[in-house]
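Visitor: In case you want the letters, here they are:
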Amino acid sequence: MAKKDTPPRWDRKMQQRLARGEAAALGELYDRFASLVHGLAHRVLGDERAADGITRDVFVHVWEHPEAYDPKQGPLRSWVATLTHRLAVQRLRATETAALAQGSGGSTEDLERKVHRASVAARADYIVQAMPAPLRAALELAYFQRRDYRQTAVDLGVTEDEARRRLRLGLQLLSTAHDAGTPGAPPGYGGAA
Amino acid sequence: MSDAGSADRFEHGEFENKNDRDDKSGKDDKDERLEGYGGVPGGPANGSGQDFDRPPRIPMPRASVEDGGRPLPALEALGDPAPPPAPPALEHHVLKSLLGAWALAACSSDEAVAVEEHLGDCGSCADEALRLREAVGLLHPPESLDLDPALRTRVLDGCLDRRPPRIPMPQWAAPYDAETARLDALLQDIGDAEWHAPVRLRWFEAEGPTSRRTTVAGVIAHLLTVDGLVAVALGLDDPLGGAAAEGPTPQARTEAYWRTSHFPPTRAVRAPWREQTHDLVRTVSFTSSSSGSARLAVSYGAFELPLHDAMLDRAFECWVHAEDIAEAVDYPYGPPSPRHLHRMIDLAARVLPDVLAARRQAGLASPPHHRHLVPAGEPGRSLRLEIEGLGGGEWLIPLDSPAARGSAEHEVAHVALDGVEFCRLAAGHVPPAEAAAGQGGDREAIRDVLFAAASLSRM
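Read top to bottom, the protein sequences are chains A and B. Per the working numbering, residue 2 is the first one in the first sequence, and the count goes up by one each step. Per the working numbering, residue 3 is the first one in the second sequence, and the count goes up by one each step.
Treat the hints loosely; a few may be bogus.
Among chain B residues calculated to face chain A with C-beta under 8 Å, some are [said to hold, decoys possible]: (1) 115; (2) 149; (3) 151.
Listed next, with one range per pair, are the computed distances between beta-carbon atoms [as the list claims (entries may be wrong)]: (4) B/266 / A/66: 28 to 34 Å; (5) A/72 / B/118: 45 to 51 Å; (6) A/146 / B/123: 48 to 54 Å; (7) A/17 / B/391: 39 to 45 Å; (8) A/13 / B/198: 34 to 40 Å; (9) B/440 / A/99: 51 to 57 Å; (10) A/66 / B/152: 24 to 30 Å; (11) A/47 / B/152: 20 to 26 Å; (12) B/248 / A/72: 43 to 49 Å; (13) A/49 / B/166: 50 to 56 Å.
What the hints contain is simulated information worked out from the structure, not anything from laboratory work. Think of the CB as a built atom: it goes at the ideal place given N, C-alpha and C, for glycine as much as any other residue.
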């Protein structure tokens with residue numbers, strides 16, 4: 002996908018077009034971000050219909066409040082991801098709290114653990130998607146295709162040193178998914194909505 | 003709003019910086035290690051001067067050891083602070099660089115053993131190893147990218163209900179918007195190799211079925227160039243650029259595009275195709291609100307269509323070719339939404355009388371029943387086209403003149419056909435003789451209409 006070379010100009014123009022009320026811009030926004038939004042929501046909620054609902058909520062929010070996005074604060078992509086994360090975690094917390102209130106068993110600590118785990122998992126997904134393609138490709142080969150680093154180096158046409166470097170760096174980036182900020186705040190995709 | 007600083011954390015620039023930092027720290031480790039050897043006569047690091055900041059551990063010899071022909075000093079002699087009893091085969095910086103591969107179980111077993119021994123001695127590596135091992139647990143197969151295409155419509159409609167658009171998308175552009183989005187989702191999921199999967203484009207010419215071989219990428223190039231007819235009519239850039247086509251027909255333009263590209267099309271064609279589809283939808287949204295655009299016509303060379311019908315035609319072609327692609331890469335692909343399918347069938351039903359007349363002129367269809375022409379707007383001999391299934395309906399096709407009005411009283415034949423089957427017929431993918439049709443009445447009229455429907459198809 003072209004997402005990694007999205008110029009900030011696209012973000013700014015998109016915001017202007019949304020603010021102007023261009024239905025065609027909304028379609029383009031969806032085409033660019035729907036799989037990101039749905040994927041993150043699904044990772045947090047583990048449910049297709051709930052993810053559909055979050056997807057609707059996210060696009061409704063952006064369409065109704067395009068001015069809430071400030072291009073100076075970072076890319077539209079991370080803003081949309083943050084918004085998705087926040088809404089999905091809110092939804093998870095609400096459903097889990099309701100289940101708890103109905104005596105589903107489990108404790109508040111279990112609930113918090115579950116929310117935290119889902120939150121970290123979603124953030125990890127985002128990090129993998131957003132990381133430079135060479136690092137992602139190396140992780141993909143070593144983890145999903147079970148290639149060792151020497152084979153990975155051959156597959157990628159790089160030195161063994163470079164393959165080791167990419168695997169280590171990729172995991173270092175991924176490990177930041179655990180670095181949740183203050184409790185309650187969505188661990189950073191960037192400026193929240 | 004949270005802080006802007008964290009917003010940048012996932013910027014690639016930041017990744018690169020971290021990358022650099024990491025490289026530096028890696029290098030520092032290496033340099034530190036090398037410092038132990040800093041005093042080695044003739045050592046490569048001597049030029050930097052930094053080694054002179056520390057007191058040399060052994061007196062500097064006058065000549066390099068190689069020059070002197072003496073044996074290299076033993077490690078102990080260099081004053082290594084804690085010489086391990088059995089020096090590890092791998093140095094710290096190598097072991098450190100292996101941590102990622104180790105965490106992923108992607109190094110040799112010897113290396114894994116060496117790393118694990120090292121972790122017992124080196125706190126910083128042990129910390130990192132733990133962290134990276136935990137990170138491996140966060141790797142999941144990506145969530146499926148197959149979004150239900152109906153979700154797009156639901157989400158967008160939901161948005162537009164909440165905040166009505168100031169610049170709406172014309173209803174007649176909606177099928178094109180939806181079909182291009184569906185095809186793009188399919189393209190997103192296919193691998194590099196599949197872009198070169200062979201595809202046979204099939205259509206129906208005056209005499210019978212014909213076909214042309216290309217690839218998945220070639221099909222997208224075809225859609226790009228023919229959609230370009232609409233782009234040109236709207237005053238947008240022609241994707242064909244300066245390439246000279248033998249005519250403004252879909253086929254001539256496609257052949258010209260294929261001919262003039264030096265390499266066979268690759269997946270790189272997706273971006274310009276998608277960009278143009280978005281530009282078209284955007285541009286017709288603006289032009290449809292201005293007067294005059296209603297009369298804007300798109301020329302296909304041999305004929306022209308009003309803009310709204312041309313957009314419907316392009317939506318239809320997009321679906322048909324998406325099915326060609328889906329078949330080539332073995333991917334499930336459904337029909338358009340019933341609402342959109344209905345519009346496509348309606349377009350075909352509306353142009354059938356003209357096609358029928360043209361075929362008759364060319365001697366490909368039976369002559370009109372009446373010697374005299376049916377006056378314009380008057381009811382004429384008609385065929386009732388009954389399209390079953392979602393998106394279906396009934397159309398009365400005047401048989402003797404495009405100017406005549408379809409009339410139930412003058413119905414001479416009746417054809418019943420499933421909607422998707424009818425579209426496959428109109429796409430030239432089903433021979434008219436095999437179109438599974440329930441039929442009754444004038445057999446000649448039925449044959450003429452089914453052949454006319456098939457001849458709607460083109461490359």
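Visitor: A separate judgement is required for each hint: does it hold in the structure or not?
Guide: Tested hints:
no., hint, verdict
1, 115, "violated, 15 Å"
2, 149, "holds, 6 Å"
3, 151, "violated, 10 Å"
4, B/266 / A/66: 28 to 34 Å, "violated, 46 Å"
5, A/72 / B/118: 45 to 51 Å, "holds, 48 Å"
6, A/146 / B/123: 48 to 54 Å, "violated, 33 Å"
7, A/17 / B/391: 39 to 45 Å, "holds, 43 Å"
8, A/13 / B/198: 34 to 40 Å, "holds, 37 Å"
9, B/440 / A/99: 51 to 57 Å, "holds, 54 Å"
10, A/66 / B/152: 24 to 30 Å, "holds, 25 Å"
11, A/47 / B/152: 20 to 26 Å, "holds, 21 Å"
12, B/248 / A/72: 43 to 49 Å, "holds, 47 Å"
13, A/49 / B/166: 50 to 56 Å, "violated, 29 Å"
Figure legend: structure checked against the earlier numbered hints; hints not met, in rising order: 1, 3, 4, 6 and 13.
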